[in-house]
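Undergrad: In case you want the letters, here they are:
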Amino acid sequence: MPRILRETISILILSLCAGLGFNLVRSERLPLVADWTIEGRLKARFGEKAVISLEDAKQVFFSKTLTSSHPHPSLLPRILRETISILILSLCAGLGFNLVRSERLPLVADWTTEGKLKGRFGEKAVISLEDAKQVFFSKEGVFLDARPPSDYRAGRIQGARNLPIEAFDKHFDKATRDLPQESLIITYCDGETCTQSDKLTKRLKEMGYENVRILVNGWSLWKKHNLPLDEG
Amino acid sequence: MDKISLRNRSWNRALLFWLAALLISLIMEPRLSAESSQLPKMVLKEQIFDFNQVYEGQTISHDFQVFNRGTDTLLIERVKTTCSCSVVSFDSAIPPGGQGNIAVKVYTHGSDGRERWGVTIFTNDPNWKEAILDLRADVRPAIVLSGSAVQFSGKGNVSSTRVIEIKSGIDRPLVIQPHEFDLVGKVDYSVEETEKGKSFRVTFRNLPGPFDFYRGSLTFITNFPEKPELTIWIFGRFKI
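So the sequences go chain by chain: A and B.
The number in this note's numbering is simply the position in the first sequence, starting from 1, with 8 added.
The number in this note's numbering is simply the position in the second sequence, starting from 1, with 4 added.
Hints in this document: simulated from the structure, not taken from any laboratory.
Honestly, I wouldn't trust all of these hints.
As the list claims (entries may be wrong) - Not everything, but these chain B residues come out facing chain A in the computed CB check (under 8 Å): (1) P99; (2) G114; (3) A153; (4) P232; (5) T235; (6) F239.
Every residue, glycine too, gets a C-beta built ideally from N, C-alpha and C.
Pulled out of the complex, with its shape left as it was, chain A reads as follows (with noise of 0.2 Å):
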């Protein structure tokens, strides 16, 4: 659920449960089941015949009997209005605390994961799987795995070479000495929140490999496939 939403309906239900604990310290408590027109306050101030219609009013002045009532039309519930009121203030709220903050959300954005690494390193910064099994099996790129040595010796997508973000210049130069800069580098690490290729696409790209793209959850995505894998 993008961040903005989810913070918009915390701070909704935060404020409605200020609103009724507010409700439930007040010196008049407003019950929350109750007739809350100006004629249902009427009534149960003082009793159930308290209140007379226009139509029935004018019955009794030309007829000068009392036959029927016909209440008002009713009023939005006091209640509702309050919270619809709460509602939009919060909703206020949330929209200019985004307005302050240091690190302002837009409204309209891509969040998923593709979303936000297009906008960090450019459009072209994600492949897809489609495309990373056509790079694969054609030999136009080389893969590089993120991960630490450890998950890289239990298992890697066929080919892929070992430049652990954690060691990144220790492994640099044997990972990369046969790549020119212009090469296609596909980075991959495990899990859709992992961001090792993420930092590892960033530093290649000082190292001036300009043409690295990021296979997001690649491990588990091509295991799931059923493609090319080395073990051990």
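Add chain B to chain A, keeping to what the hints say.
TA: Coordinates of chain B only, in the frame set by chain A:
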């Protein structure tokens, strides 16, 4: 029946229905608890731990406490990390009423800024088979570099310079010492201490020659245990 009474009645019915649903859920809850009490029940003291500010290169660790509030043994069947971290140890079986630990170690090498690491634990608690332990930290660089690589390009017979600034990210005097350099005869470098114990300027100069491409590095040894080594990569691509 007039319109206003009907509307009020429907409002009241909706609210009464809501209250009834709440009441039923409250009545049912103890029964559900009674049923689940025959099983292990995992309770975590915390699921998120924030180390706050740390320096890149530090290895940080935390013990997550796990309680078993059920009546059967709680088994932690396996743990999985998808980050630069490892689970050092964990109590695989926690008796009813008992307590166990999951010790996690995080390696901050290569981390920068606000970071998160996740560890998934798999248990035999039917209501919580998978739990994610979330570790967070604000990772600051122990040593700040203006760049980690320099690129020379253009004509090979023309000399040019590139500069990298090195600054201490910690409030301690920094000492750096050149250790390894593998581009002798192709690139020269000089190191200047611009502010005592705080900042340095490394100037690289390519030497004219018949080179089309080279790459290498200059490594420094530092006195910071968080960052004992510092590497600057050098690339040259020339038109002959």
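Undergrad: All hints, please: hold or fail.
TA: Status of each hint after checking the structure:
1. P99: Status violated, d = 32 Å.
2. G114: 4 Å, holds
3. A153: With a closest approach of 5 Å, the B/A153 hint holds.
4. P232: The hint is violated - B/P232 has no Cβ within 8 Å of chain A, the shortest such distance being about 12 Å.
5. T235: B/T235 check passes; min Cβ-Cβ to chain A is 4 Å, inside 8 Å.
6. F239: Check passed: Cβ of B/F239 comes within 6 Å of chain A, closer than 8 Å.
Of the numbered hints listed earlier, those contradicted by the structure are 1, 4.
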